[in-house]
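**Q** Please put together the full structure from these sequences, using the hints given.
Read off the chains here:
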Amino acid sequence: MEDRQVEVLLEQADVQMRLAQWRSAIDLLRRALAIDPDHARAHAQLALALLGAKRLAGAEIEARLALALESGSSLAHYAAAAVLRAQRRLDEAWEHCEIALTADSADADVYVLGAGIRDLRGEVSEARALLVRALELEPAHAGALTRFARLELDAHRPEEAARYAEEALRARPDDLDAHVVAGLVDLVRGDVAGAEGHARFALTQDATDHDALGLWASIKARRSWTLGLWWRLNAWVSLRSEGGQVALLIGSFVVVQIAIILATAADLPLLEQVLSWAWLGLCAYTWVAPELWKRMLQRDLGTVVLDPDF
Amino acid sequence: MTYAIADEPIETSRRHLVVNPSAPLLAEMLCGTWLSLPWFAWNAIAMGSPTRRKEIALCALSLVVTAVLAAAVLALREGGVIESRTMLRCALLGIITWKLAMAQAIYTLQSRTFHVYEYYGGPVRPASYVLSTGWLLRDVVIGLSDDPLWGIIVSGVSGLLGGGA
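First to last, the sequence lines map onto chains A and B.
The first sequence begins at 0 in numbering that gives the first Met the number 0 and counts up one residue at a time.
The second sequence begins at 0 in numbering that gives the first Met the number 0 and counts up one residue at a time.
No lab work stands behind these hints: they were computed from the structure.
None of the values given here were measured: they were computed from a predicted structure.
Accuracy of the hints is not assured; some may be wrong.
Sample of chain B residues facing chain A (criterion: CB under 8 Å; computed from the structure) [said to hold, decoys possible]:
#	residue
1	T1
2	S12
3	I81
4	T85
5	R88
6	T96
7	A100
8	T107
9	R111
Yeah, the Cβ is synthetic: ideal placement off N, Cα and C, and Gly gets one too.
**A** What follows is the structure in structure tokens.
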């Protein structure tokens, strides 16, 4: 009786996760785990739901619990790989992805995840090979087509990227990621209005989606030079891991301060002043810009009409 | 019966006093360590952070190492090893970097719980009053003792950069 109840809850959670309803999925999985705390699949699914909700610390713990309970589970390794990829721990992520591929070589999703990891490691041809395999297994896999479109965009081939994005949209017309990548393609080709249409559609599906908001922000950055600068700086910094970001910021601070100290010692008051004011200006700008940015996005998002399913 | 996810804060009676962790981080820069570290620790307790012990331990570590570094700098100054003002400023920059890195580490750790706390609708108090009071009081607190060791330990980034110690 309890097993059946858990299975029903897991199925319901799966539906919610497909709709990107992370909070409902988490609540359903919490209920399933209250009935059976040692259910490996529930832990793995919870890890993926927490990842969707950007709760990486909780997601990592749940993925580890799933692996501890069932070390051979393909889903547990998939979840661990997805969480580690989000944390930019790419070598560990790939190790888990390889195990998931060995355990279940017929799941296109695992190949797409693997392609994402290899791409982040700079191994583009390996990423392509994995995507080709995913499309052999499932020719209309929207995720694989979307990822291919991204690879083509990165390779500065917008026409090829557009072709994959269109195919992805044909496969799943309401796929959020496909709309985001189609928007990015439009943006690269200079079609800001087209990009805005895709971004708006993606945001009606999930107004909290990071990539959709990123696309929206990129469109806004095109229209405002000052905020666009901050957005690009922010995007460049966020490419690093959490530790890397802190090291970069503190490192910059130390370098500027040493330069100021040396300018004083060399009796160059003008240089000292310029450096001090430049640093102060950068601090003020990076403090104020995110607030202005947030307000602008909130104002814009107020005009987005959400899909009734959201 | 329910299942507790490891990153979720526990229920406390002091939730109405929770602030965004960026407030104590800003306090480290504008007001001083005397305000930021106790505030970080208090916020961890008020929020019911599952990592509160680690956060409090990091606060204690930050304080102890700052005291040791400050004592070392002052001893080197006394011993004539640090002679010039440039060398002294570089040594103080080392202490500032340590303080900043620790404040950022505690902030990063606390922010993870804070996001979950906010996600479930936990109340968040505005921190501007505490920050402005702290900014007004900083010279009074730093002036409580003439000992330069005290000044270095309790000063914030702006205080040390401005030669407040």
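**Q** Quick one: which hint numbers does this structure break? Sort them smallest to largest.
**A** Violated hints: 2, 3; rest satisfied.
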